[in-house]
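Trainee: Going down the list, the sequences are from chains H and G. Quick note, the first sequence lines up with residues 1 to 442 if you use UniProt numbering. Quick note, the second sequence lines up with residues 1 to 495 if you use UniProt numbering.
Everything labelled a hint here was simulated from the structure, so no lab data went into it. Only a predicted model underlies this, so the values are computations on that prediction, with no experimental measurement involved. Ideal Cβ positions, reconstructed from N, Cα and C, are used throughout, including at glycine. Careful, some of the hints might be misleading.
Chain G stretches covered by chain H per the calculated footprint, using a threshold of three residues with CB under 8 Å from any CB of chain H [unchecked claim]:
id, stretch
1, 72-85
2, 266-272
Here are the computed lysine to any residue pairs in the SDA-like style, where the Cα-Cα straight-line distance is at most 20 Å [as the list claims (entries may be wrong)]:
id, chain 1, residue 1, chain 2, residue 2
3, G, Lys327, G, Asp439
4, G, Lys186, H, Ser218
5, H, Lys285, G, Ala30
6, H, Lys285, G, Val269
7, G, Lys186, H, Tyr217
8, H, Lys215, G, Tyr279
9, H, Lys215, G, Ala270
10, G, Lys154, G, Asp482
11, H, Lys285, G, Ala270
12, H, Lys215, G, Glu180
13, H, Lys215, G, Ala268
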Amino acid sequence: MLRKGITESFGAAIHALNTTQLTDGVINRSKRMMLDTLGVGLLGTRTAVFNKALTYSQVHSMDFDDTWHPATHPSGAVLPALLALAETLPSRPSGLDLLLAFNVGIEVQGRLMRFSREAYNIPERFHPPSVVGVMGSAAASAKLLGLSPAQCSHALAIAASSAGAPLANAATQTKPLHIGNAARRGLEAAQLAQIGLEGNPAILDMHHGFGVYYKDYSPSAMAASGAFKWILEEQDVAFKRIPAHLGMHWVVDAALAARAKLQNTIGSFDLSQIRRVTLRVPPSKYVNCPLPVTEHQARHSFQFNACSALLDDKVSVASFSEAHISRPALRELLSKVKVETPPDNQPSFDKMYCEVEIETEQGHSHAARCDTFYGHWRKPLSQRHLVEKFSVNASSVLCTEGVEGVVEVIGNIERVTECSVLALYLRMTSNPQEELHCVNIQ
Amino acid sequence: MISTLQKTIRHLKAVRVLHKPAVEVLKHPAPEDTVTASFGRFISEMKPQHLSPVVLQRSKRMVLDSIGVGLIGSTTDVFELALQHCQYMYAPDDISSVYGRRGTRLSPTLAAFVNGVATHSMDFDDTWHPATHPSGAVLPAVLALSDMMPAHNKPSGLDFLLAFNVGIEIQGRLMRFSNEAHNIPKRFHPPSVVGTMGSAAACARLLSLDASRCSHALAIAASLAGAPMANAATQSKPLHIGNASRLGLEAALLASRGLQASPLVLDAVAGVAGFNAFYEDYVPQPLESPSDGGHMFLLEEQDMGFKRFPAHLGMHWVADAAASVHKVLVGVDPGTVSPAQVQDILLRVPQSKYINRPFPESEHEARHSFQFNACSALLDGEVTMQSFTPAAMSRPDLLSLLRRVRVEHPHDNPANFNRMYGEVQVTLVGGDILKGRCDTFYGHWRNPLTNESLRKKFRNNAEVVLPSEKVEMLVDVVEELDGLGDCRVLLSQLQ
Chain H
1 MLRKGITESF GAAIHALNTT QLTDGVINRS KRMMLDTLGV GLLGTRTAVF NKALTYSQVH
61 SMDFDDTWHP ATHPSGAVLP ALLALAETLP SRPSGLDLLL AFNVGIEVQG RLMRFSREAY
121 NIPERFHPPS VVGVMGSAAA SAKLLGLSPA QCSHALAIAA SSAGAPLANA ATQTKPLHIG
181 NAARRGLEAA QLAQIGLEGN PAILDMHHGF GVYYKDYSPS AMAASGAFKW ILEEQDVAFK
241 RIPAHLGMHW VVDAALAARA KLQNTIGSFD LSQIRRVTLR VPPSKYVNCP LPVTEHQARH
301 SFQFNACSAL LDDKVSVASF SEAHISRPAL RELLSKVKVE TPPDNQPSFD KMYCEVEIET
361 EQGHSHAARC DTFYGHWRKP LSQRHLVEKF SVNASSVLCT EGVEGVVEVI GNIERVTECS
421 VLALYLRMTS NPQEELHCVN IQ
Chain G
1 MISTLQKTIR HLKAVRVLHK PAVEVLKHPA PEDTVTASFG RFISEMKPQH LSPVVLQRSK
61 RMVLDSIGVG LIGSTTDVFE LALQHCQYMY APDDISSVYG RRGTRLSPTL AAFVNGVATH
121 SMDFDDTWHP ATHPSGAVLP AVLALSDMMP AHNKPSGLDF LLAFNVGIEI QGRLMRFSNE
181 AHNIPKRFHP PSVVGTMGSA AACARLLSLD ASRCSHALAI AASLAGAPMA NAATQSKPLH
241 IGNASRLGLE AALLASRGLQ ASPLVLDAVA GVAGFNAFYE DYVPQPLESP SDGGHMFLLE
301 EQDMGFKRFP AHLGMHWVAD AAASVHKVLV GVDPGTVSPA QVQDILLRVP QSKYINRPFP
361 ESEHEARHSF QFNACSALLD GEVTMQSFTP AAMSRPDLLS LLRRVRVEHP HDNPANFNRM
421 YGEVQVTLVG GDILKGRCDT FYGHWRNPLT NESLRKKFRN NAEVVLPSEK VEMLVDVVEE
481 LDGLGDCRVL LSQLQ
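Based on the provided sequences and hints, a complete structural model is requested.
Mentor: See the structure below:
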């Protein structure tokens, strides 16, 4: 069996990466990710799926968390594991320790996705967070635990046996558990490695190792020093404005623009005047849902998001309630939607576009196209809007002191001596009966 | 099975003469007509009376063997590690018993985990065709769940056996959906794929979930399935079975709370992989509900293989072949076999990278090495549990023999537990050639262990950990399992 030393290089890198290597760019970007993730996580504690799964899942419950390229939701798989771990460690990690471990977890995910071409397109087989997310969580946890290079490698190997959930469960109530389980099982992998469990020391090198999750697989080694550059420095994440699959953001922005055009021409917006709505989107079966019934389906439906935008002139958290989904006006509009998948529209978050064309009963057409939605890595959310999103989300659960405390701590995380202060603010709920308990893994 | 096949053929013939709109309907089946829904219905509608005498008998043998290997497995390092992890990293929850450890209990999913780890820790557990280790993924979960159920509502022995058999059956059905599953695996370790699903099915049955929740249990389990083959033959391998058991139970518990997942997880939907994500080829078939008039369990047609020594199934062929050569050698020159007599050892075995290890470095690797098992049997006349101790592994005589081994993969020797053979050809220093061949080892489903042999294996295993009264109690209790009013009699003997 040819060992190219790739797994070893990952173990060595996870062990050796240190805080002096965190650049300003990476610090800024990763702090934004942490803030956004905490907000969506807090908001997520009010969902039915969270209550069913309790501590198993918080962050991905509403599909509101960050998205990267190649596609995955990197932070949700890493941050919950680190927060849980940080509360238990006798060594009392600093904010900088937390930030470093977080970035190690993100970096490993980015590295792994670059091992295959398949990873660059919207997925069809395995849900990416379930593949790379658990590896990132293992890496981050191993970092925070201070494991040796060999133990770090074994953490990755053990985690690989916990990876891989089929895409069919995306757009269902179970999807959030993919992220929850990624965080939890990655943490567990690191803990098992810490007490001496071993897996295959060449897990990343082999096609029948980590390579089983991809049709094409071409791994390469990771350097820890010298020419090391964080992927996050070159490739930012996207933050969502809407709690829905990333693809929906394009179609919403296009629909809103088309609606504005129609309104400018006609003077008012009248649904009954619409004969047909044509969507030009990339081909992706699992977000092509003409008549969604559940909130999960609605978050994964080009048609639903376009029509919600047309009907309400906005799409927000409230758009996905059962009442909103089942509105007769919305169902009627949905029946007028046609979906096209132009050959030049690639199923890649880096290259796709969405076009919305409204055809009126009079035969007039009003179309708009979105190439880059606001929040995409090419057009990042301003810091103000990011903090605003966090505050709105977090206020559903935390009191003002808690909300402001988290913003403050994350904003200055690299200077915080004990990162457990974050946990204190995260527990400041506005309703005493809803007090969030200590993370109690069952 | 044949009647199911005929029914399928009739169905396909009928499709051709239907007009287009009806064909459209068939392309987009109604929710009740999906493969996934049929599995959910099957699990929820199975009743004890559907268990035939043959299935009862065979599954009780599996239960006994599985408990035995689990008990001996509780003496391994990897079990100890897994147990420590559960005890230190999780809050205490004294509900379900841990094999062989008096007074030690864990939460149900964690107990299923450690007992599953124990079961597979020495690669001593049962093997089926198509290949997987079915019992280790199911029994620990069913035991743990039984411990969890309230005292006034414990399952009867028959309920227990029914759940167990549902878990085995579902695994068998799922493996028949792909050709890939029929050969020695290359990508995903089968217990991590079908084992999780089997555990979910068994637990859904024991919890008496309705058809819809049974389907969702399977769908949730699919998101918890799948581990790469690269971790087989490492210390992590037992965790594949442990996690299959634990996560299948978890899936059923989540489904019982109303968690929902894909209603098409077992069906093949283009562009969105479900359970077929784990296979290159995949053709699902609906399962007939037992109420449709009798059901033939796969276990009735395809018996289980039990191992005589703790190593990968493939090792049993070369061990038996080498043992026959050993007998001849010892006959010729009374005493032990000496490497000095041997010039060359040629093994003719199927091609499978992960059991082809010329110089295994760990006990796990040794259990997955044609070369090691052949040489051990050649030297000692048999392979036993003791063959894998560090002392035995580092014997100079053994290493000498290992250096003389060559391996060939004849075209007529497929990597398939139903059709493979093992040949050991020893060329002596004098030029004589001795050949041993094994087509069907004793313990294979074509040549099953007798009840006496099975019980002997069980006693050898269980007595390492339990006092003999408990060991005998277990033999009796499992034998009478289908007559037990309350499975607590079984649950209380495991530690």
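Trainee: All the hints need checking, so say for each whether the structure fits it.
Mentor: The hints, checked one at a time:
1. Requiring three or more residues with a Cβ within less than 8 Å of a Cβ of chain H, the coverage given for the stretch 72-85 of chain G holds, as 5 such residues are present.
2. Chain H is given as covering the stretch 266-272 of chain G, and this holds because 4 residues of the stretch bring a CB closer than 8 Å to a CB of that chain, at least three being needed.
3. The suggested pairing of Lys327(G) with Asp439(G) holds, with an alpha-carbon distance near 18 Å, which does not exceed 20 Å.
4. Of the supplied pair hints, the one linking Lys186(G) and Ser218(H) holds, its CA atoms being roughly 18 Å apart against a limit of 20 Å.
5. At most 20 Å may separate the alpha-carbon atoms for a hinted pair to count; Lys285(H) and Ala30(G) meet this at roughly 19 Å.
6. A C-alpha spacing of about 9 Å is found between Lys285(H) and Val269(G), which places the hinted pair at or below 20 Å, so the restraint holds.
7. The straight-line distance between the Cα atoms of Lys186(G) and Tyr217(H) is roughly 15 Å, inside the 20 Å bound, and the hint therefore holds.
8. For the suggested pair Lys215(H) and Tyr279(G), the alpha carbons sit about 11 Å apart, so the restraint of at most 20 Å is met.
9. With a C-alpha separation of about 16 Å, the suggested pairing of Lys215(H) with Ala270(G) holds against the 20 Å cut-off.
10. Taking the CA atoms of Lys154(G) and Asp482(G), the gap is about 14 Å. The hint holds against a cut of 20 Å.
11. The straight-line distance between the Cα atoms of Lys285(H) and Ala270(G) is roughly 8 Å, inside the 20 Å bound, and the hint therefore holds.
12. For the proposed pair Lys215(H) and Glu180(G), the alpha carbon gap of about 15 Å is at most 20 Å, so the pair holds.
13. A threshold of 20 Å between alpha carbons decides the hint, and for Lys215(H) with Ala268(G) the separation of about 18 Å falls inside it, so the pair holds.
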